[in-house]
Amino acid sequence: MLTVVKKEFKSCFLAVKYNIMREMLNPVTFVTNVLFMILNNASFIIQWLILYSLQDSIGGYSFKQVMLLWALAATTYGISHIIFHNAYRLSDLITDGKLDSYIVQPKNILLNVITSSTSISAIGDLLYGIIIAILIGLNWEEWLLFIFFSITGAIITTALAVISGSTSFFIIKGDMIASNVNNLLVHFSTYPEGIFNRTIKFIFYTIFPISYIVYMPIRIISKFNLGLTIIVSLVTILTIYLSFAIFNKGLKRYSSSNLMSARI
Amino acid sequence: MKKYFSIYKMTLLENIQYLSNLFFNFITFTLTIYIFLCLWQYMYKDPSNLIEGYDLTQMIWYVLITECMWYGNRNKSLMESMSNDIKSGSIAYNLNKPYSYLIFMIAKHFGEITLKFIFYFIISIILGFIFVGPLDNFAFAMLPLIIISMILGVIINSLIRIVISLLSFWIEDSTPFHWIYDKLILVIGTLFPVELFPLFLQPIIKCSPIFVVNYGPAKLFIDFSFASFRTIFVAQIIYVILIVILATIIYRKGVKKLNVNGG
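Line order of the protein sequences matches chains A and B.
First residue of the first sequence? That's 1 in our numbering, and the numbers climb one at a time after it.
First residue of the second sequence? That's 1001 in our numbering, and the numbers climb one at a time after it.
To be clear, the hints were calculated from the coordinates, so they are not data collected in a lab.
Yeah, the Cβ is synthetic: ideal placement off N, Cα and C, and Gly gets one too.
The reader is advised that the hints may include incorrect statements.
[Claimed, not checked] Derived DSBU-like pairs: lysine-lysine, alpha-carbon spacing no greater than 35 Å straight-line:
hint, chain 1, residue 1, chain 2, residue 2
1, A, 201, B, 1076
2, A, 64, A, 249
3, B, 1253, A, 173
4, B, 1009, A, 223
5, A, 173, B, 1256
[Stated by the list, open to error] Output of the computed footprint for chain A on chain B, the stretches with three or more beta carbons under 8 Å from beta carbons of chain A:
hint, region
6, 1097 to 1109
7, 1137 to 1149
8, 1249 to 1257
[Claimed, not checked] Over the 10 Å line for every Cβ pair with chain B, so calculated as not near, a few chain A residues:
hint, residue
9, 10
10, 141
11, 147
12, 170
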């Protein structure tokens, strides 16, 4: 069992390594993509500076906490799109019948699919998150929690992308559902929790678990709470289980398009 | 011009076949507006408050109009297709055809966004009425002038996107420049009016594309005056002329530089 897991991890690591090496073939495009993504994210600081010039606290968050929210959201998004970028294309792969080349390989199908491409601009997101975390001056305990929750957040985000992408196995417009879910995840996770009403918060803690990606981790980093940390960890495990279960169930309904294609 | 109108019409008819896609996009749009509604409701703890002369209703209508103009004009033709045509060299197939590639892309783009823009405009009006109710003293009689300004804003936005995509003649991927432009419009132009920025920044923003693309038309919508219409309209016409000249120069230089391998 342990050997299988080890092999799968090694295989994922190699896939990501070769994806990045392939993208680095054109260094100008690579550097431009990374740098401009950092600038792109940094532009939102203007928005928050303007809003905090009107009030000292927004939704119960200080300016520093909003920056921490952005840092966590950016690293979460960055890690997810560097390692599992194809999870966000899953819907198209299913609809176009392009899973054949993954199915025939002696690897875990879902992991093989989602690790087979990398978004280079996501490296910019990851770096931006780290830069902001350095600038707001986290101490070493906060850094440990920040790294831990960046990983759990990336796993939950990817799992949600897999679940929403897998709807394409069952319904025709699954790609629209997947794109809406992924867009909304980014939109909602970059605004303080306190501005939303109770109904929205309930949704964030249940069917659309954004709270476990950013809001709860922010609370834990600000003031450590073991109980909440366990809850976030359990939710992460649950979403991993659900994503594999739904994908595998959907895979039984998959039909190939007999498309001849090469994975380069 | 007849052939370009035919391209526009064909693309428009093609897009009518995919109306259902618009309804799915409506979910993201509505929830994005909802986030801004929550944010501004929090900022205006007392709805009768004024922030830089704007009340809550005006602020939400401002966001609705600017977001409608941003979402309604987002399109892959100008952002991805043009860059890909240049990058892959498939632009060569268009260059030897009896039409101008630039006008062809503009006609195609407007064919793709016409329905989208009308859809988002109607949705914005409905959401405005649901979320905050009608605007006080809205100038109904001036609606045609406001719509002209909005259309000019969309045209300028599209032309700027064309100029950015044409950079692909020199750099392989112009997408990062689109991100920066998008964020400039989104962060500075859509969430709040120019008046909320520090005084020293306001003249700079008023000279930037944000003034003619987003702020101007939205300002006319929430607080119309002939004086501001004149200023915004003149600025928009100047921008259209300047960007058309710029796009033509860049395109001609780029085409001369183009080097396509056969295949």
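Hints versus structure:
no.	hint	in the structure
1	A:201 x B:1076	holds (34 Å)
2	A:64 x A:249	violated (43 Å)
3	B:1253 x A:173	violated (43 Å)
4	B:1009 x A:223	violated (60 Å)
5	A:173 x B:1256	violated (43 Å)
6	1097 to 1109	violated (count 0)
7	1137 to 1149	violated (count 0)
8	1249 to 1257	violated (count 0)
9	10	holds (32 Å)
10	141	holds (31 Å)
11	147	holds (27 Å)
12	170	holds (16 Å)
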